[in-house]
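Undergrad: Chain by chain, the residues run as shown.
Protein chains: 2
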Amino acid sequence: MSLDVQILNALRGARDGAVSGADLSQKLHVSRAAVWARIEDLRSLGYDIEASPHRGYRLLGTPDVLHADDLLSRLGKTKVIGRDIRVFEETTSTNDVIEKLARDGVKEGVVVFAESQTRGRGRLGRKWTSPAKRGLWLSILLRPDLRPQDATRLTVASATALRRAIESQTGLKPDIKWPNDILIYGKKVAGILTEMSAELDHVKYVILGIGVDVNLSQGDFPPELRKVATSLKAELGKPVSRPELAVAVLRELDHDYARIASGQFATVADEWEEHGTTIGQEVTIRTGDRRIRGRAESLGEDGALLLRTEHGHLERIIGGDVTLEK
Amino acid sequence: MSLDVQILNALRGARDGAVSGADLSQKLHVSRAAVWARIEDLRSLGYDIEASPHRGYRLLGTPDVLHADDLLSRLGKTKVIGRDIRVFEETTSTNDVIEKLARDGVKEGVVVFAESQTRGRGRLGRKWTSPAKRGLWLSILLRPDLRPQDATRLTVASATALRRAIESQTGLKPDIKWPNDILIYGKKVAGILTEMSAELDHVKYVILGIGVDVNLSQGDFPPELRKVATSLKAELGKPVSRPELAVAVLRELDHDYARIASGQFATVADEWEEHGTTIGQEVTIRTGDRRIRGRAESLGEDGALLLRTEHGHLERIIGGDVTLEK
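Chains as they are written, first to last, in numbering that gives the first Met the number 0: chain A, 0 to 325; chain B, 0 to 325.
Note that these hints are calculated values from the structure, not bench results.
Each hint should be verified, as a subset may be incorrect.
The list treats identical chains as one, so a pair stands whether inside a single copy or across any two.
30 angstroms max Cα-Cα, derived DSSO-like pairs, lysine-lysine [said to hold, decoys possible]: (1) K232 with K172; (2) K186 with K203; (3) K106 with K78; (4) K203 with K172; (5) K187 with K26; (6) K126 with K203; (7) K99 with K232.
Okay, chain A solo, but in the shape it has when bound:
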């Protein structure tokens, strides 16, 4: 654990809100001068830390920036996701960064955030707008014991986790649109891109890419998206703390990933169906060249959408663009 994480942990855990420099120095086994230097550094990052000769240090406020040490300090212990967090000022796409880490053999659970992405992407290589410091753009490396056709379970679990995190931090009640969108009043506020490297019967690794439009203003979206996309700030009428939301997202993802890993996909699917806008609807799904129309019946045990077609067949759909029929 880095010194910054330890200092932030100590400040957050202080019983009466303050910790003396002497206590910090003793607890962290470094000089008081070293503590002071780290505190100065945290201040320069925007942390509002009061230093009083009598009471010691007090954390009064944290900036709306993503700082790996701060996120680790807030997150605390998790099972898998977030054991290692890295924040980039700018990347092409956080999925690209994770892919490189995956090939280098890095363990599952590592999370990469970028304050901005120059080539953020959604499904099928579509562009994902990722303006600096307005959203959460993150990717997570997983190494699940799954067959490629079961990887949809991870998208389903991510959607339930993301929905809960947004609800807990904002009070908003998001819906889930199969397979990978989080909506508020029918407008997209977050998306999930699941990419994998696999042999035929065995996933080597999965990269979960997540984008949440947190504090974007209307002008941040390209004109063609303004009617179909929104942000948490726009819906709530005030900005949302990105570090707090980031930590909530990682914690909920860790919870749902553990549910999948321990064979409880059915409970995740039940929660998904409860909040899904797709089940029970007449829909048209475009997948590759095909256009399939039918009634979305339920989620299959692999995470696929079970669609009762016009001809009465039950089809398993593992991905595609869904349009609700009116």
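We have chain A; now place chain B onto it with these hints.
TA: For chain B alone, kept in the frame of chain A given last:
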């Protein structure tokens, strides 16, 4: 086309077997000295090229080395596979090289050979013995329009193509063991490793890795494999030309990849079933933690093995280790 390819093409295409330096110089738009320099270079690689003052140049023999220009010259025009051929003296694994090319956006059809691999691998990360200049160790980049669960079709097509190439070059009659092995009298002589990068419903690229034990001697195999593996040389009693086999493999693969791409998987599957040792047999399949016993009935339209279990269910198996029950 490189000068070497053009010279080899001209020598191979010469009507009376020989081409004069003057003709080559004129045809290739380079000086006679330049032609001579290339000929000397080809000789230094082991090409037996006769130069007679009256008749000109004649190709008498080619060495058993993999030379990209020579392979391109022999292969001629193909639809997709082998438009670009690269030969490495040594790599970790040819799949690794192709993966890098794939990420760099290289077009499908590029083929990478290595004379030896330091970390050749088979399914599930198993080691693949790849001694220098004794086999064909190659990988091919494909960008098919397939769903991840249909990628098994490519393994099936590769197996039929590889079987035909071996038969045409050696007269041996190999069998196919589902999903990825080529056998001669029950011993493994070649294998296919299919790896992919995908979104949930869409393959981004597939890497076909192929290993053929061409001229290995018994001592080249690790002791534990000597009873279950063999080489073409061991079965035939004499060495096989690796460049000729390499070209036959690429040509047959190109043919079967085109069959898949034009929707003729059923004809590939028919050919596969004709030479498969698995269909109609009682088998045990281990896939992940599961062990499934049953009768292999046929290939599904996605390339999966359709297994009638002991309990009468029909299961689709997309990969695993097959053991025939006696």
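Undergrad: Against each hint, give a clear statement of whether it holds in the structure.
TA: Each hint, compared with the structure:
Proximity of K232 to K172 under the C-alpha cut-off of 30 angstroms is restricted to the intra-copy arrangement: shortest distance 14 angstroms within a copy versus 68 angstroms between copies. For the homomeric pair K186 and K203, the shortest alpha-carbon distance between copies (28 angstroms) is at most 30 angstroms, but the shortest distance inside one copy (34 angstroms) is not. For the homomeric pair K106 and K78, the shortest alpha-carbon distance inside one copy (13 angstroms) is at most 30 angstroms, but the shortest distance between copies (40 angstroms) is not. Taking identical chains as interchangeable, the C-alpha atoms of K203 and K172 are never at most 30 angstroms apart, the minima being 35 angstroms within one chain and 34 angstroms between chains.
Taking CA atoms no more than 30 angstroms apart as the test, K187 paired with K26 passes in neither setting, with 46 angstroms inside one copy and 63 angstroms between copies. Proximity of K126 to K203 under the C-alpha cut-off of 30 angstroms is found in both arrangements, the shortest distances being 26 angstroms within a copy and 16 angstroms between copies. Taking identical chains as interchangeable, the C-alpha atoms of K99 and K232 are never at most 30 angstroms apart, the minima being 33 angstroms within one chain and 40 angstroms between chains.
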